[in-house]
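*Asks:* What follows is each chain in one-letter form.
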Amino acid sequence: MSYQPTVSQLIHLADNALILGHRLSEWCGHGPALEQDIALSNIALDYVGAARNWYQLAANQINSLQDKAAFPLNAQGEATEDTLAYLRDAFDFKNFLLLELPNGDWAVTTLRLLLSASYQQLLLQQLSTNEHADVAAIAAKSLKEVTYHVRWSEDWVKRLGDGTDESHQRLQAAYHELWPYIGEFWENKLALPIDIASMQAQWLAKINQVFEASHLPQGVLPTWHQTGGTEGIHTEHLGYILAEMQFLQRAYPNAEW
Amino acid sequence: MVTNTISEAYVWELLAQVNDPEVPVLSVLDLGIVRAVTVSLTANENAPQVTVTITPTYTGCPATDLIAMNIRLGLLQAGIPKVNIQTVLSPAWTTDWITPEGAAKLKAYGIAPPVGKSLDNAYLEDITVPCPRCGSNDTQLLSAFGSTACKALYQCSDCKEPFDYFKCH
Ligand SMILES: [Zn+2]
Chain A
71 MSYQPTVSQL IHLADNALIL GHRLSEWCGH GPALEQDIAL SNIALDYVGA ARNWYQLAAN
131 QINSLQDKAA FPLNAQGEAT EDTLAYLRDA FDFKNFLLLE LPNGDWAVTT LRLLLSASYQ
191 QLLLQQLSTN EHADVAAIAA KSLKEVTYHV RWSEDWVKRL GDGTDESHQR LQAAYHELWP
251 YIGEFWENKL ALPIDIASMQ AQWLAKINQV FEASHLPQGV LPTWHQTGGT EGIHTEHLGY
311 ILAEMQFLQR AYPNAEW
Chain B
6 MVTNTISEAY VWELLAQVND PEVPVLSVLD LGIVRAVTVS LTANENAPQV TVTITPTYTG
66 CPATDLIAMN IRLGLLQAGI PKVNIQTVLS PAWTTDWITP EGAAKLKAYG IAPPVGKSLD
126 NAYLEDITVP CPRCGSNDTQ LLSAFGSTAC KALYQCSDCK EPFDYFKCH
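Protein chains in written order, with the numbering used here: chain A, 71 to 327; chain B, 6 to 174.
Next up, chain B with everything else stripped away, as it sits in the complex (with noise of 0.2 Å):
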């Protein structure tokens, strides 16, 4: 049967067209919320089980049972029926884990990656946020809590633009 044999790497194929909900342009493989994908089939079963460990990214986060819903679509669609969604909370999720696609993806959607590493003690200092539509440094906070849990809002000195930035965490 074809299903019978899936692979893991398949599973990870397909997560890679699971978008985010609040940011749509980014996959959940972008934002580092999958910790580990696991296929197993026992010998009376005629489909596999497959496994999809996540971690929520903010505590509060409405979209956290929105992602795994799409997720289970995503799989189901692609004709896996049996998806069991596991969520860990240690450790705890990161803007470090987004990737580098992830970051450059943000920036091309409007919203400014985040600046420095989650664990810097200047985390919450004055960091510099360039502005991602016309590069300018001269940018300037106009509210610590943005659109959504995640983002804070900037203004652009040069462009005049407010922009979203993703928080470090």
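So that you can see chain A by itself, here it is in the shape it has in the complex (with noise of 0.2 Å):
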């Protein structure tokens, strides 16, 4: 009767940290000033650190599973979060397609963050009293970290949309670029265990009061959106994200250093 999560939903939650992690992570290097290179350094770190954590959770799943031959193993014949990670191609990917579009100017960068950011510290909240300890505790340990990534990208959004006549414009541009993208948090085609029309009500509160500070109209649900992120049907920047981060794995099958 208890819950058990689907070795699906685990990979979900994983894509989902694992590749917002990876664009954050470009900019490392390449931040507007020290600090703020190194926020998004820490920001990507926390992301990387709970794909891995979901990432051995689904392959602890799919090691007790019967025929695991659908999934990429191991030399030893095992699911690991390696082999997760490097060895799925794109339509075996379930993030949210908002979270691979490219960075584009700093406005795509922290709204993006802001969107995904406030969407995570809701579905944490929920994941993290789950009845399944390990979902729990994965979930209460990133929730703290979530909670610090709105908090960031909320003061620079606001900070942009209060700025410059071109930091508002950015901002603005950067809001038509990914609005059309919010809806997949809310189809839940996994079906996690969350309330989604409460976390829905609650994100576009957050949201819209700072759209308000940020002098952008109040943002409204979209009657049409992108989708396809859960089910395996990418934009064609997965791929390039993919082909940069498992070209190792791939060239040089079981390469360790």
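Hints listed in this document are in silico derivations from the structure and should not be mistaken for laboratory results.
Some hints here could point you the wrong way.
For lysine-lysine, the following DSSO-like pairs were computed, each having C-alpha atoms within a straight-line distance of at most 30 Å [to be verified]:
(1) A:K228 to B:K165
(2) B:K122 to B:K112
(3) B:K87 to B:K122
(4) A:K259 to A:K276
(5) A:K228 to B:K122
(6) A:K138 to A:K259
(7) B:K165 to B:K112
(8) B:K110 to B:K165
(9) A:K276 to B:K112
Some, not all, of what chain B presents toward chain A, calculated at C-beta under 8 Å [said to hold, decoys possible]:
(10) T64
(11) G65
(12) S152
If you want the ones that stay clear, here's a sample from chain A, every Cβ over 10 Å from chain B, calculated [said to hold, decoys possible]:
(13) Q74
(14) Q106
(15) D152
(16) P172
(17) W176
(18) K211
(19) D235
(20) L248
(21) N278
(22) W294
(23) G302
(24) E314
(25) E326
Cβ atoms here follow ideal geometry from the backbone N, Cα and C, with glycine treated the same way.
From the two separate chains plus the hints, produce the assembled complex.
*Replies:* Here it is, written out as structure tokens:
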């Protein structure tokens, strides 16, 4: 009777963390100021760490299956966090499309993080009280970190919105680019054990509070949205991320250092 | 045999000598990341099995693997060959577990220790972080993310020195 996460649910949670973490890590060495470079690298590390935890849990589940041939396995015939991250192709990834979009400018980077981290915060709050002890533990751990991500991205979005004409215009452009992708948050196609309706209301209230301080019009949930990520139908951008991230393991299988 | 008589208290003493790689004035005990120590000996073994249970500070903290290795090395050097390190995620580590001695060592090292309790809602609000050098309360946040995941960067308006603050977590 009690809840057992499915492999797909765990991989979805892991892929979201890994792909956003990878995107943010692209800023390392390119941030507009040293402090912000360090901030984004730290945030990226938080997500890659969360991805490791979810992949490990997914790998444990896979390894307990009778037939694990559908999953990438190492030389010992076991699924691991590494086989799941490095040896799956784009159509096996279940992350939201929003998270694989290119970083764009500072406005796109910070607004995307705000939209995503605010969703993550509500999601992890619910999962942290889940009856499955491992799910609850990973969620509780990540929740503390995501709380800082929300604060950091929120500060930047307000600063850009309330800054110069150019920063405001860029924020507005970022809004138009990203907003069509938020609908995937509320599909819950993988049936995570969460109360989506209450999350959606809280998320929109939080975002609109930030928008108000940023002199942006109030956001309304889109009637049409981009979709497909959780089913493995991705934008062209994911392939490029994987090409870079997986190159070494694909070219030199089982390489270690 | 000498090794057969290891007590848990002795292992705890050894752990007090294992330092955090990123904040080397703190031992793993000061940080509160060691959750349990057990020593077991079965009849047909000649050395006891020591199990140390640790919990990571930050999810993506690269120091976690290094800390586990340092614990293993510290115990090996003391003549304990069979060391098993277990990692638990629950309950999640919090800065509340940093001991008062740990907080004092942080301050002496020039890092402001966490202000308040991690579960206070106020932990994200504007808090007053006293300068670890001159004690002034007139300080300001420069960056919410510092040189490592656990720190934020502040500056003192009185002595003008920038300093690290160990964030509540
Ligand atoms: Zn001072």
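*Asks:* Work down the list of hints and note, for each, if the structure agrees.
*Replies:* Results of checking the hints against the structure:
1. For the proposed pair K228 (chain A) and K165 (chain B), the alpha carbon gap of about 28 Å is at most 30 Å, so the pair holds.
2. Taken as a hint, the K122 (chain B) and K112 (chain B) pair is honoured in the structure, with Cα atoms around 17 Å apart against an allowance of 30 Å.
3. Of the supplied pair hints, the one linking K87 (chain B) and K122 (chain B) is violated, its CA atoms being roughly 37 Å apart against a limit of 30 Å.
4. Straight-line distance between C-alpha atoms of K259 (chain A) and K276 (chain A) comes to about 24 Å, which keeps the hinted pair within the 30 Å bound.
5. Between K228 (chain A) and K122 (chain B) the alpha-carbon distance is near 28 Å, which keeps this suggested pair within the 30 Å criterion.
6. Using a Cα cut-off of 30 Å, the hinted pair K138 (chain A) and K259 (chain A) holds, with the two alpha carbons roughly 23 Å apart.
7. Taking the CA atoms of K165 (chain B) and K112 (chain B), the gap is near 17 Å; set against the 30 Å cutoff, the hint holds.
8. The straight-line distance between the Cα atoms of K110 (chain B) and K165 (chain B) is roughly 22 Å, inside the 30 Å bound, and the hint therefore holds.
9. This hinted pair does not check out: K276 (chain A) and K112 (chain B) have alpha carbons roughly 36 Å apart, beyond 30 Å.
10. Restraint check, T64 (chain B) versus chain A: the minimum CB separation of about 3 Å is within 8 Å; hint holds.
11. Residue-level restraint check for G65 (chain B) holds (minimum Cβ-Cβ distance to chain A is 3 Å; threshold 8 Å).
12. With a cut of 8 Å, the hint placing S152 (chain B) at the interface with chain A holds, because the nearest CB-to-CB distance is about 7 Å.
13. With a least beta-carbon separation of about 17 Å from chain B, Q74 (chain A) lies farther than 10 Å from that chain, consistent with its non-interface assignment.
14. In this structure Q106 (chain A) is not separated from chain B by more than 10 Å, as the shortest Cβ-Cβ distance comes to only about 8 Å.
15. At roughly 14 Å from the closest C-beta of chain B, the C-beta of D152 (chain A) stays outside 10 Å, upholding its exclusion from the interface.
16. At roughly 22 Å, the least C-beta separation between P172 (chain A) and chain B is larger than 10 Å, which holds for a residue marked as non-interface.
17. Non-interface status of W176 (chain A) relative to chain B is upheld: no Cβ of that chain comes within 10 Å, the nearest being about 15 Å off.
18. Under the 10 Å C-beta cut-off, the non-interface status given to K211 (chain A) relative to chain B is violated; the minimum distance is some 4 Å.
19. With a closest Cβ-Cβ approach of about 26 Å to chain B, D235 (chain A) is found to remain outside the 10 Å limit, as its non-interface label requires.
20. Residue-level check passed: L248 (chain A) sits 23 Å from the nearest beta carbon of chain B, beyond 10 Å.
21. Against the 10 Å criterion, N278 (chain A) stays outside the reach of chain B, whose nearest CB is about 20 Å from its own CB.
22. Even its closest Cβ contact with chain B, about 35 Å, leaves W294 (chain A) beyond 10 Å, as expected for a residue assigned away from the interface.
23. Listed as a non-interface residue, G302 (chain A) keeps its Cβ farther than 10 Å from every Cβ of chain B; the least gap is roughly 26 Å.
24. Every CB of chain B lies more than 10 Å from the CB of E314 (chain A), the least distance being 19 Å, so the non-interface label holds.
25. At roughly 14 Å, the least C-beta separation between E326 (chain A) and chain B is larger than 10 Å, which holds for a residue marked as non-interface.
The structure fails hints 3, 9, 14, 18 (numbered hints given earlier, in ascending order).
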